[in-house]
Amino acid sequence: MKALSGYLLRRLISAVMAVFFVVTITFFLMHAIPGGPFASEKEIPPEVQKNIEARYHLNDPLWKQYVDYLHNLIRWDLGPSFKYEATTVNEIINRSFPVSATLGAVAVSFALIVGMLSGIIAALNHNKWQDYLAMIMATIGFAVPSFIMAGVLMYIFAYKLRWFPAALWGSPSQAVLPALALAGMPTAVIARFMRSNLLEVMQQDYIRTARAKGLSRQVIVYRHALRNACLPIITYLGPLVAGIFTGSFVVESIFAIPGLGQYFVSSISNRDYTVILGVTVFYSIFLVAMNLLVDLAYVWVDPRIKLNEGRKA
Amino acid sequence: MNLTPEMFEPVQSGAGSAEIITRPGTTYWQDAWRRLKQNRLAMAGLITIGIMLVMALTGPYLSGYTYSQQDLTMVNQPPGAKYWLGADALGRDLFTRLWYGARISLLVGVVTSLITLVVGVFYGGISGFAGGKVDEIMMRIVEILWAIPFLLYVILLMVVLGPGLKTIFIALGAVYWMGMARIVRGEILSLKEREYVLAARVLGAGSWRILWRHLIPNAMGPIIIQMTLAIPEAIFTEAFLSFLGLGVSAPMASLGVLASTGMEGIRSYPWQIFFPATLITITMLAFNFLGDGLRDALDPRMRK
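Chains as they are written, first to last, in numbering that gives the first Met the number 0: chain U, 0 to 312; chain R, 0 to 303.
Please keep in mind that the hints were generated in silico from the structure rather than gathered at the bench.
Don't take every hint at face value.
Claimed, not checked - Here are the simulated distance ranges between beta carbons: (1) U:Leu11 with R:Pro77: 24 to 32 Å; (2) R:Gly49 with U:Tyr131: 37 to 45 Å; (3) U:Asn124 with R:Ala204: 48 to 56 Å; (4) R:Asp298 with U:Ser108: 30 to 38 Å; (5) R:Ala43 with U:Gln129: 51 to 59 Å; (6) U:Leu214 with R:Ala204: 41 to 49 Å; (7) R:Gly49 with U:Ser108: 25 to 33 Å; (8) R:Lys165 with U:Val300: 42 to 50 Å; (9) R:Asp298 with U:Phe19: 33 to 41 Å; (10) U:Lys159 with R:Gly185: 26 to 34 Å; (11) U:Gly5 with R:Arg193: 27 to 35 Å.
Cβ atoms here follow ideal geometry from the backbone N, Cα and C, with glycine treated the same way.
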């Protein structure tokens with residue numbers, strides 16, 4: 000258990016450092032942009048300019064702004080939006096993140112269920128048509144970027160077949176196409192991963208033992224092989240969640256879904272720096288925390304894993 | 000028995016007849032090439048990439064239009080004899096723009112992959128070769144950076160540096176070197192324990208010479224695989240950035256820019272997204288097939 004707490008501590012420090020690093024880098028990058036957030040083509044009277052700067056503390060020295068930002072961040076106050084008067088970044092996140100999270104959860108579940116199922120079917124029918132079909136689908140799914148998937152799905156299912164609405168958010172049917180577009184690539188990755196895991200596990204000695212003992216194929220596959228083959232999938236959960244949430248930037252914009260991804264994209268084109276800063280920090284903390292959880296879950300689930308792995312390769 | 004001095008003459012070395020090499024030896028690279036040739040998917044990928052390169056170089060000159068030339072009377076023309084793949088919303092020839100976009104996308108892929116190569120090999124090589132505290136610190140830095148979501152970081156750099164081809168190279172290079180550094184470091188860590196390194200050391204070779212002349216060339220296999228797989232990833236990310244309006248600036252085009260402008264008119268002019276989308280997909284497939292094939296060919300240990 001000593002090794003576990005040491006590992007936990009090391010990972011926690013690493014995660015906190017990563018978040019701190021993101022906050023610092025993001026903060027100074029945002030303030031390094033020439034012209035500042037209120038530079039516009041229109042000539043503003045100097046008094047007005049001064050008032051605006053005072054309102055957002057832009058006339059403070061940079062280090063003071065940075066310390067203030069860190070201080071506010073600890074109290075989870077991300078500051079006001081530059082673009083939308085009277086809206087804070089916290090309000091934007093509170094309002095739109097649930098939408099993104101719902102969409103993300105649907106996509107993650109879809110990717111896990113469909114990906115694992117097709118991987119298992121492919122492995123159990125190794126070198127038969129089911130295997131080839133699943134792997135062709137997975138190869139295509141792997142090569143199609145999410146925004147192209149979104150376009151294709153929208154064209155076929157919303158415009159030609161009219162099965163699902165093409166945009167907006169609210170009813171479950173509106174979640175189908177964006178979730179599919181987001182889940183396409185991760186589903187393909189999971190299917191390939193699951194297939195090769197299961198094929199590898201089926202070669203193991205303990206499976207041969209089980210077979211020699213005379214256990215039925217069902218029992219061997221479901222009780223002995225699948226459990227071990229599923230374990231490594233957990234390691235993919237971190238990148239999976241990260242991929243789906245960053246993928247939601249474009250998918251939400253395409254389907255006009257009022258999620259955090261769309262806000263992020265529009266804040267980029269609006270050059271709304273506090274929103275860019277806040278949302279980047281928020282996403283970083285969220286994804287770093289997810290990664291940490293996933294790693295810990297893996298250590299917890301699989302006792303074979305070596306804790307100081309990666310330290311000395 | 001009579002012993003004569005002739006009996007004590009050394010026998011002529013038989014090496015001449017027993018050790019004649021009549022067939023040329025196969026080097027590592029010939030061996031790898033032979034294995035690669037047997038992999039049909041990888042060869043299909045290689046040929047596709049070859050065709051794409053040729054078309055990316057010559058395609059923009061074939062139709063007689065330039066990529067920025069507008070004809071506002073021919074806006075959104077469907078594919079036909081005048082415009083082979085149709086025209087876009089500004090009356091520009093899509094055939095020319097498609098291959099011009101492919102050129103930019105391939106350029107982004109290749110340049111990013113080269114930046115990855117230089118930075119990653121340097122960083123990983125030094126980290127692995129130095130070992131000990133230096134390695135510990137250098138790898139801890141990578142570990143921390145690794146935890147940051149890549150795409151956010153790229154988006155941020157693009158916002159700060161402003162859109163354009165050069166900033167795409169910088170932003171993509173700034174994040175993708177880490178994977179390469181990890182791989183090179185791992186390779187060097189195990190290679191430096193080999194006997195030929197000891198032999199070189201005994202013969203008086205300095206650390207720098209051992210690293211560049213002995214270790215890095217022996218780690219070339221994994222490095223090339225990683226470079227091949229970095230190309231589609233960079234093309235992909237560039238397309239993603241273009242979609243957010245952070246790609247190359249107009250009237251330049253990349254496959255991502257074409258796909259994202261095509262998306263706006265998807266309902267009425269589906270061919271405007273169909274061609275760039277197909278080309279992106281084919282590119283991704285080709286590079287991934289080639290990368291997988293190279294992995295099998297260059298790294299015999301990894302083969303099933």
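Checked hints:
no. : hint                               : result
1   : U:Leu11 with R:Pro77: 24 to 32 Å   : violated, 59 Å
2   : R:Gly49 with U:Tyr131: 37 to 45 Å  : violated, 27 Å
3   : U:Asn124 with R:Ala204: 48 to 56 Å : holds, 55 Å
4   : R:Asp298 with U:Ser108: 30 to 38 Å : holds, 35 Å
5   : R:Ala43 with U:Gln129: 51 to 59 Å  : violated, 24 Å
6   : U:Leu214 with R:Ala204: 41 to 49 Å : violated, 59 Å
7   : R:Gly49 with U:Ser108: 25 to 33 Å  : violated, 41 Å
8   : R:Lys165 with U:Val300: 42 to 50 Å : holds, 46 Å
9   : R:Asp298 with U:Phe19: 33 to 41 Å  : holds, 38 Å
10  : U:Lys159 with R:Gly185: 26 to 34 Å : violated, 49 Å
11  : U:Gly5 with R:Arg193: 27 to 35 Å   : holds, 32 Å
Against the hints set out earlier in the document, violations occur for numbers 1, 2, 5, 6, 7, 10.
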